[in-house]
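Chemist: Listed here are the chains, written in short residue letters.
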Amino acid sequence: MVYLDNAATTKMKDSVIQSMLPFFNDNFGNASSTYTTPGQNSRSALENARAEVAKAIGAESTEIYFTSGGSEADNWAIKGICEKNKKKGNHIITTTIEHHAILHTCEYMEKQGYRVTYLPVDEFGMVSVKSVEEAICEDTVMVSIMFANNEIGTINPIGEIGALCREKGVIFHTDAVQATGAVPINVKEMNIDLLSMSSHKFHGPKGVGALYIRKGVQIENLIHGGAQEKGKRATTENVAGIVGMATALKEATENMEEKTKKITYLRDKLINEVLSKVPYTRLNGHREKRLPNNTSFCFKYIEGESLLLSLDIEGFVVSSGSACTSGSLDPSHVLLGIGLPHETAHGSLRATLSEFTTEEEIDSFVAALIPIVQRLRDMSPLYEELKKGMI
Amino acid sequence: MYSDKVMDHFKNPRNVGEIEDANAVGTVGNAKCGDIMKIYMKIEDDIIKDIKFKTFGCGAAVATSSMATELVMGKTVDEALTITNKAVVEALDGLPPAKLHCSVLAEEAIKAAIEDYYKKTGVEKKIECSGDCAHCNHEH
Ligand SMILES: Cc1ncc(COP(=O)(O)O)c(C=O)c1O
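These protein sequence lines are chains F and S, in that order.
All letters in the first sequence, in the order written, are residues 1 to 391 by my numbering.
All letters in the second sequence, in the order written, are residues 392 to 531 by my numbering.
Where hints are given, some of them may not hold.
As the list claims (entries may be wrong) - Cut-off 30 Å, straight-line C-alpha distance, at most; resulting in silico cross-link-like pairs (DSS-like, lysine-lysine):
{"hint": "1", "chain 1": "S", "residue 1": "K396", "chain 2": "F", "residue 2": "K232"}
{"hint": "2", "chain 1": "F", "residue 1": "K261", "chain 2": "F", "residue 2": "K250"}
{"hint": "3", "chain 1": "F", "residue 1": "K230", "chain 2": "S", "residue 2": "K440"}
{"hint": "4", "chain 1": "S", "residue 1": "K433", "chain 2": "S", "residue 2": "K466"}
{"hint": "5", "chain 1": "S", "residue 1": "K510", "chain 2": "F", "residue 2": "K277"}
{"hint": "6", "chain 1": "F", "residue 1": "K215", "chain 2": "F", "residue 2": "K250"}
{"hint": "7", "chain 1": "S", "residue 1": "K517", "chain 2": "S", "residue 2": "K402"}
{"hint": "8", "chain 1": "F", "residue 1": "K259", "chain 2": "F", "residue 2": "K13"}
{"hint": "9", "chain 1": "S", "residue 1": "K440", "chain 2": "F", "residue 2": "K388"}
{"hint": "10", "chain 1": "F", "residue 1": "K250", "chain 2": "F", "residue 2": "K232"}
{"hint": "11", "chain 1": "F", "residue 1": "K387", "chain 2": "S", "residue 2": "K440"}
{"hint": "12", "chain 1": "F", "residue 1": "K387", "chain 2": "S", "residue 2": "K433"}
{"hint": "13", "chain 1": "F", "residue 1": "K388", "chain 2": "S", "residue 2": "K510"}
{"hint": "14", "chain 1": "S", "residue 1": "K510", "chain 2": "F", "residue 2": "K387"}
{"hint": "15", "chain 1": "F", "residue 1": "K300", "chain 2": "S", "residue 2": "K466"}
{"hint": "16", "chain 1": "F", "residue 1": "K388", "chain 2": "S", "residue 2": "K402"}
Said to hold, decoys possible - Chain S is faced by these chain F residues, among others (derived, beta-carbon under 10 Å):
{"hint": "17", "residue": "Y114"}
{"hint": "18", "residue": "V116"}
{"hint": "19", "residue": "C324"}
{"hint": "20", "residue": "P341"}
If you're looking for bench data, these hints aren't it; they were derived computationally from the structure.
Every residue gets a Cβ at the ideal spot worked out from N, C-alpha and C, and that includes glycine.
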């Protein structure tokens, strides 16, 4: 099997699994209990993990709060900030191409009486700093803009948006679930107030993530209960998961430059080969300002699910934003958000790499893709119309 | 997600292609919704002598088109009109609920082709559709 769906989730590294194992048996203790053994080891492991995660994004340990994943971090950031800052206003600014963890939370906030501005993005999926500036009003409580898009990989000008928000006195959250461990992040330099991350996107375990909350930023709790996470997020700590996440993030940020070089080379090879060898194909997202591991294409005149299925039969795992794969009637909101017509968006394919992806895998993928696209086109009435000069 | 039968018809679709001298052609669906089926038939003495299809759509759309052409091949026009989307689904050992509309599309495509045949031969008969077309404004 050739796994090219690393934006969906990644394989855990053996080193990550090994780092977690002691916390399932010997060190099973409750990290918040006062006894020394076996809780002591859990407690210190938890705090070491926190320091490691903080270091990866240029934060202080005390600014890292562990969660159950990216979705919880996103929910907490929006609901918690709005709730705590009701006096300031009821306006939220976000974009049309956020992950559903943000979009559906914003829709929920609208039902609670909040006003949400969904900023459009350009054809590459990038939000303009100027549009953020123009959208900020007296009553704007927060801006939430994703660091990098999960479907098309486009990276936003986060540092500039952060500086703008800081200057305007508006809280800035970024969903960095796809960016953490993949591109350099410094929350201080980028003026980020809150940042969501998720462990399973960088070879860590599923079901664990974190929200960075800048010191001094006031936020309401999402999970009420015990005093864990300095009273901000209840539930007995998932020590094994947190340790695994920290190990994974540490390894992701070590030699990032070197790894990025290798993955970017493979990404660009894949993009160039596909665009040059498969006609009627477009690249989605920005050519340069994109995640090192992301490729996203639309193949005209065919539909994404049948493409996925055909590739799957031959052992290639990828994803698509077509309606048939999303289980809804419309193709992905991201592809529509960058202005693609429905018929083009239906033919989308996303192949996302990891540091484990090899050049042989990329070569064999391209070799398999070319005849599959042709076979599906030969079966397509739209392609027939094209060939007969009808469209 | 899909039955072995569906996968078989997706991998090796029967009767794909065009018929140059078809006397019944029907197209249903639209690109915006993500599925289009086009059926070509060669009808002689009210018997469907040959049938071919082209489909733009998901795996289920390809498999239902393929199965529908198999069910119709060699039948009389009247027999073909009795084939329902349910029959197509059963012949494929079932479809996921979200994909049932593909079978409706297959039934409609056959009917659209026969309608075309009626029009060309001057037969005045109205064809009933058993499907519910809520998901999309298929023209038929
Ligand atoms: C951009 C983005 N935000 C949020 C999430 C949700 O993360 P999790 O699966 O950890 O809840 C994802 C994962 O798909 C994502 O890609």
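Chemist: Decide if the proposed pair is consistent with the structure: K433 of chain S and K466 of chain S, CA atoms, cutoff 30 Å inclusive.
Modeler: Cα-Cα ~12 Å, so holds.
Chemist: Under the criterion that the straight-line Cα-Cα distance not exceed 30 Å, is the pair K387 of chain F, K440 of chain S satisfied?
Modeler: Judged against 30 Å, a Cα distance of about 27 Å means the pair holds.
Chemist: Is the hinted pair K387 of chain F and K433 of chain S satisfied, with a Cα-Cα distance of at most 30 Å?
Modeler: Status holds; Cα separation ~23 Å.
Chemist: Quick one, are K230 of chain F and K440 of chain S close enough, alpha carbons at most 30 Å?
Modeler: violated, 77 Å
Chemist: For the restraint on V116 of chain F, tell me whether the closest CB of chain S is nearer than 10 Å.
Modeler: Cβ of V116 of chain F sits 27 Å from chain S, so the hint is violated.
Chemist: Tell me if the straight-line CA distance from K396 of chain S to K232 of chain F falls inside 30 Å.
Modeler: Violated, because 53 Å separates the two Cα atoms, which is more than 30 Å.
Chemist: So if I understand the rule, the pair passes when the alpha-carbon distance is 30 Å or less; does K510 of chain S with K387 of chain F pass?
Modeler: holds, 27 Å
Chemist: Straight-line Cα separation of K261 of chain F and K250 of chain F no greater than 30 Å?
Modeler: holds, 18 Å
Chemist: K300 of chain F and K466 of chain S: Cα distance at most 30 Å?
Modeler: violated, 35 Å
Chemist: Let me know if the C-beta of C324 of chain F comes in closer than 10 Å to any C-beta of chain S, holds or violated.
Modeler: Status holds, d = 4 Å.
Chemist: For the pair we were handed, K517 of chain S and K402 of chain S, check the Cα-Cα distance against 30 Å.
Modeler: violated, 35 Å
Chemist: Taken at face value, is the distance from the CA of K13 of chain F to the CA of K259 of chain F at most 30 Å?
Modeler: The hint holds at about 15 Å.
Taken one by one, the earlier hints fail for this structure at numbers 1, 3, 5, 7, 15, 17, 18, listed in ascending order.
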